[in-house]
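2 protein chains.
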Amino acid sequence: MLIKNISVLDVIGGKILEHQDIYIDGQYIKKIGENLNIEDDRVLDGENKLAVPGFVNAHTHLGMSLFRNYADDMELMEWLGEKIWPIEAKLNPEDVYIGSLMSMAEMIKSGATTFCDMYFPIEPVYRAMEEIGIRGAITRGMMDVEDGSISIREHKEGYEKYNGALDGRVTLFPGPHAIYTSSTEYLKEVIEVAKEYGGRINIHLSETETEVRDSLEKYNMTPIEYVNSLGLLELPTVAAHCVHITDEEIEIVKDKEFYPVYNPSSNLKLASGFTPVKKLLANGLKVCLGTDGSSSNNNQNMLEEIHIASIVNKAVEMDPKAVKAIEVLRMATINGAEALNINAGAIEEGRLADISIFDLNSLNFTPKNNLISALCYSASSEDIKTVIIDGKIVLEDRKFVNIDEDKLIKDVNETMNDLISR
Amino acid sequence: MLIKNISVLDVIGGKILEHQDIYIDGQYIKKIGENLNIEDDRVLDGENKLAVPGFVNAHTHLGMSLFRNYADDMELMEWLGEKIWPIEAKLNPEDVYIGSLMSMAEMIKSGATTFCDMYFPIEPVYRAMEEIGIRGAITRGMMDVEDGSISIREHKEGYEKYNGALDGRVTLFPGPHAIYTSSTEYLKEVIEVAKEYGGRINIHLSETETEVRDSLEKYNMTPIEYVNSLGLLELPTVAAHCVHITDEEIEIVKDKEFYPVYNPSSNLKLASGFTPVKKLLANGLKVCLGTDGSSSNNNQNMLEEIHIASIVNKAVEMDPKAVKAIEVLRMATINGAEALNINAGAIEEGRLADISIFDLNSLNFTPKNNLISALCYSASSEDIKTVIIDGKIVLEDRKFVNIDEDKLIKDVNETMNDLISR
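Taken in sequence, the protein lines are chains P and W. For the first sequence, counting from 1, position 361 maps to 361 in full-length UniProt numbering; every step adds exactly one. For the second sequence, counting from 1, position 106 maps to 106 in full-length UniProt numbering; every step adds exactly one.
Derived from the structure by calculation, the hints contain no laboratory data.
Since copy identity is lost for identical chains, a pair holds within one copy or between any two.
In silico DSBU-like cross-links for lysine-lysine, where the CA-CA straight-line distance does not exceed 30 Å:
1. K399 <-> K410
2. K407 <-> K90
3. K368 <-> K410
4. K410 <-> K4
5. K90 <-> K368
6. K385 <-> K368
7. K15 <-> K30
8. K368 <-> K83
9. K83 <-> K321
10. K399 <-> K368
11. K254 <-> K278
12. K385 <-> K410
13. K407 <-> K4
Note that the structure is a prediction, hence the values are computed from the model and not measured.
Chain P extracted, bound-state conformation (with noise of 0.2 Å):
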């Protein structure tokens, strides 16, 4: 596939390329340059377009789609405890695939061509991922809260059976729901799982005040310091939220492969709190960026959370220069990628060709005086007209290519409808 004369984000240089051709064979960017001499079958006009590293949603629960708009306005524990926990108990593995699939889609519409899920089981993820053509890395939620041997058993049989399926697109490792739902030595056990099924560990931590005073009531240590007492740190670790991380606890990561997922919409919408985004970004960390599910967002848009996560914080910080807009679209992208270990997060040759296309003749755009500030800033969802992942158009004019989308929303809708009824 060739793209011709088409703006680019260089997200690492932090600058923007005009009248590029972009050379894609099979799934990687082959070359890029002005003027290309190379003839393609399949060949995209860019004239007026802007090529954006495809989004990598670095926290999610697929499945959770289903309970969007389903319990806002609550306290969390009665929110949980009322409302999710007891249909979430009623949920089968079709279920899951139909919400995970509306999750998947909602992503792609909004750039977001790689994920990070932690939920369950693992096979419809899998087959929804099949179905649209998303790149995303499974992790089977863990916790001992009741049998915690299921869910390790589930990862090890799913890690030998998906990870690296479907030209690569699908990785697993585990993702043990948290501290408070783990005990010491099942997050032991699991630490041993994931040094030889996946390598690296997603799990939630530091998200609320609460999760920090009893951690602190029980092991005497706050969250982080905890995992890192038990070897968790080791690994690479994806950590959902740090909203109430410390600055000894930055001292601990910062040298680490850590990569805390900043998730704007829920932190703000569950009242967790401001993670302290400028400062672990003056730390060097490479900090992620998350949509978190759709029960808590209440949406999977990828753009909404960019656009959020820099004015929140430039308010947090008292400081309008405050997590720029460039600073926000590396988190949305090449950070990321660098977390789940793939090889995308940039336009740059021999990277996986994923990309999305916003339409530049969109009111969003104009006039036309920066476009890294209307990336964060100004524009909407409905400018990206296409999306490409491993080197394969997925959504064409805002058309799925591999899916019916007004099946899927009907699908969504008699699931929720049976589920309630169940």
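We have chain P; now place chain W onto it with these hints.
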């Protein structure tokens, strides 16, 4: 016009009415009910659609959309002094016309049917309103940093000429910019002008810490105490921002016709701070919602403001029940209508027919768990297909009825290029 079988947001009652017919006669909603026995030439099928009162964007600077994405991630005074003021000085009426038209177009595409503008001059804004078909209050920006009599004269002339024009779609009242750009004598003069020409006042109040500090130094009063001492608050007041409003000030304004306008994106992006929305609402104040100008937002998307308004205040209050979805929807509709003294802001018999129609056959509204939550937390402006203002369709299937969007985009880009090189 007859809309058949549509879901309706009853924003005052805080509920969704199903299977309603809405009969619009001229400018007004004449009748609402199930299976109305009315025939009309023009029938809209409302099945699987949601009628929402047109949003009232209670604070913006329409013409400033030209400077969108022109200068971001900067200190406020550096932004104003080095970037905004020098280019603003070159603006001519045609620039303001084209910038205003773009802001109006963006608003309509995000469901807003009414604005409160503060800018200059008046005629180009009126002309853009006539062209696109929107409703709005034009408040001529006033200050006496230089000769303040010009803006007063322009307001009086504009009022005589345009107030009540376009079937009442246009209203005018004075817009003294702020206490730090007006002398005491000048503000007193503007108050007298307002009594005769418009009956209310639009002013920035307590936007930044600097404003409050300077006011205390200069007048030994906080900004709202100061304008109250001048008699300004005897008039209904549309008070943009109120980020740093004090408890004492709340006591002063709570029983007056005082409408604080919350501009979440702008307050966050400029690092002005966090407006105490929950406290204002708890004191019975009818808080309104605005986008502010596109140079500090950087868009005119009211739906995005609704979302951000709700979630940010939950984190500020550390309370997930703070500033609920329905409260923000009221801020964006009925409160704004009351602030501007227009008989719109709710879908009720006898009110002006300003209505946005959302397509529920969208991933963002799926599953259909709670449409009020969906509007606030997951809807996207892309879901707004039809917008009716003053009983007339101005947007149909996201295409403008009265203007050519492609031409507008071209014109804005040409205007900005010309402005920079001028």
